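Given chain A, work out where chain B should sit, using these hints.
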Amino acid sequence: MKKIIVAFIFIVPLLFVACDKGEDEVPAATPYTLVIPQGLPPMNIPSNNPLTVEGVALGKRLFYDPILSANNTQSCASCHLQETGFSETTQYSTGIDGIEGTRNAMPLINLGWQTKFFWDGGANGLESQVMGPITNPIEMHETMENVVAKLNAHAEYPDLFKAAFGSAEASSQNIMRAIAQFERTLISGNSKYDQYMRGETFLSSQELNGLSLFTDMEKGDCSHCHSLGFTFSDFEFRNTGLDSIPVDEGRYLITLNQGDRGKFKTPSLRNVELTAPFMHDGRFQTLLECVQHYNTGFRYSANLDPNLSFAVKGRMTQQEMEDLVAFMKTLTDMEFVNNPEFH
Amino acid sequence: MKNFALLVMAVCIVVISSCRKDTGTKCKSYTRVTVTNLVGAEQFHLDSTYTNAAGEDYRAYMLKYYLSHMALVNENGERVELYAHELIDQSIPSSLELGDVEIPDGHYTALEFNLGVDSLHNHSGDQAGDLDPMYGMIWTWNTGYIFFKHEGNFTSSTSGTEQPLIYHYGTDRALAPISLPLNLHVDRNASVIQLQFDLNKLYSNPNTIAFTGNNNHQSISASDIPWINALRANFPGAFSANSYVFLQE
Chain A
1 MKKIIVAFIF IVPLLFVACD KGEDEVPAAT PYTLVIPQGL PPMNIPSNNP
51 LTVEGVALGK RLFYDPILSA NNTQSCASCH LQETGFSETT QYSTGIDGIE
101 GTRNAMPLIN LGWQTKFFWD GGANGLESQV MGPITNPIEM HETMENVVAK
151 LNAHAEYPDL FKAAFGSAEA SSQNIMRAIA QFERTLISGN SKYDQYMRGE
201 TFLSSQELNG LSLFTDMEKG DCSHCHSLGF TFSDFEFRNT GLDSIPVDEG
251 RYLITLNQGD RGKFKTPSLR NVELTAPFMH DGRFQTLLEC VQHYNTGFRY
301 SANLDPNLSF AVKGRMTQQE MEDLVAFMKT LTDMEFVNNP EFH
Chain B
1 MKNFALLVMA VCIVVISSCR KDTGTKCKSY TRVTVTNLVG AEQFHLDSTY
51 TNAAGEDYRA YMLKYYLSHM ALVNENGERV ELYAHELIDQ SIPSSLELGD
101 VEIPDGHYTA LEFNLGVDSL HNHSGDQAGD LDPMYGMIWT WNTGYIFFKH
151 EGNFTSSTSG TEQPLIYHYG TDRALAPISL PLNLHVDRNA SVIQLQFDLN
201 KLYSNPNTIA FTGNNNHQSI SASDIPWINA LRANFPGAFS ANSYVFLQE
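If you read the sequences in order, they're chains A and B.
In terms of the working numbering, the first sequence opens at residue 1 and continues consecutively.
In terms of the working numbering, the second sequence opens at residue 1 and continues consecutively.
The hints are simulated quantities; they were obtained by calculation from the structure and are not laboratory data.
Where hints are given, some of them may not hold.
[What the hints assert, rightly or not] To be clear about the criterion: a stretch of chain B counts as covered by chain A if any three or more of its residues have a C-beta under 8 Å from a C-beta of chain A, and this derived list gives those stretches:
#1 135–147
#2 215–223
#3 226–234
If you're wondering where the values come from, they're calculated on a predicted model, not measured in any experiment.
Heads up, the beta-carbon is just placed ideally off N, CA and C, and yes, glycines get one too.
If we strip away everything but chain A, and leave its shape as in the complex, we get (with noise of 0.2 Å):
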């Protein structure tokens, strides 16, 4: 009998609520216009996180603020610095409890082709992955429940998720949605390289030479995966022998497939003559020293990547190394790193 009460009480309210109607009446943000630079594919945008002015404004402020970290001393930008492609020049970063990672902060560039982030692919997406560094106890050391709070909690933001998303509540979703949209704004697409291929500059003689290397596949061959034209990377997960034991097993702690030991995204090379340490471990300080890896420094195992296991060891000069690099650094693109939209 007492169920039955208990019963008529909550169906009680449920007959007044079904003709409850009405939804908040919300501005419509304004939509902002993605400039993609010539030679860029179109970039493929969530259909439920179109990109809009006040948007991404928000997904800028939260990206540089620290409120986003425990005790409010880390920013997405303590790690990802304009300067350097948005990426740390140290080997690894360290998080606010003074503990270091142990993987090299990755640049942020083009993101918007991507689909899948972190070294290992842990992410799926741009948005889940704002989370990551966030609820990382190495990193920023938070939750999403309490950030959550402090945003609702703050004199402004209340206002700036209202103009972004119609609704003045903060919500893990919407702090994801922002950050995720301000990301997609982080485009690079006017290096040497770039105005090269449109034909407003000229390569110089050795940049030449590089670049055919780079496309060779006797040579070089980089292009396998470092794929020739706009994105510089097929994002795939390879193992490129840094180790015949990867102390990191990358991508297998994410599939746990045997033949993903050791591999990791590959990388865009864009800017990456400004990203420096190199590798997903940040062993490498020079890019001459990447290419000598890729030349003979590579180590064989079962999971190295075939391009590499059919490689010959020594196949470059020295000059044809230093001319791959002079290459490489046709990729920097100065006015994305003093772009001042971007902070």
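For chain B alone, coordinates are given in the frame of chain A:
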């Protein structure tokens, strides 16, 4: 209290009758699901001590899990989805009372749902409602929901000392589809479906899961897979359902 309840009943009947008169059509049938966590025959409480089938005393300070795509199935095998994703959290009483849902009249013979989040929704944190990452039921470095979370302590059967227990169960392979028999006949009336989850059955039926030496699982390493498989096989038997109908005319 009793008088108040009678008054509530009376109001209900009046409201329902007037509804029929106004519309000239059938009144709707509504149902709601309530969830009760149990240990054996007892109601489960956080921080109380229980004994599992392996003879270990244990307590939980956190018990949360996702139920997804809960649906009623009628005698013709047709499904009526009641809820998309529901986070059950023992510390939040309102999470144990799922909302009212309008259902077609009919005879329902099963309640179906998944323990966990289906693969279409399991790989993005960009979601609201009960899938909001704010609830801490998501792995943020390897996007995926924690389907079931039991955190607490237990007494080790080897050392006799109290040790922490951390069970974070998830990943696509862990999704457990569950179908429970039901005998629910609705014809313009309200009903309640009582869903019960027995934590001790989860750790015993059919696979006995002892906590000693097996007390930290996060579902993210290969060594967790046998534990995932054992729990996945146990989840269906840990749930049971029965239903009550009100205001039959």
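These are the hints, each one checked on the structure:
With a threshold of 8 Å between beta carbons, the proposed coverage of the stretch 135–147 of chain B by chain A holds, since 7 of its residues qualify and at least three are required. Counting residues of the stretch 215–223 of chain B whose CB falls under 8 Å from any CB of chain A gives 3; the rule of at least 3 is met. Figure legend: the stretch 226–234 of chain B, annotated as covered by chain A; annotation inconsistent (0 residues with Cβ-Cβ distances under 8 Å, at least 3 required).
Hint compliance for this structure: hint 3 alone is broken.
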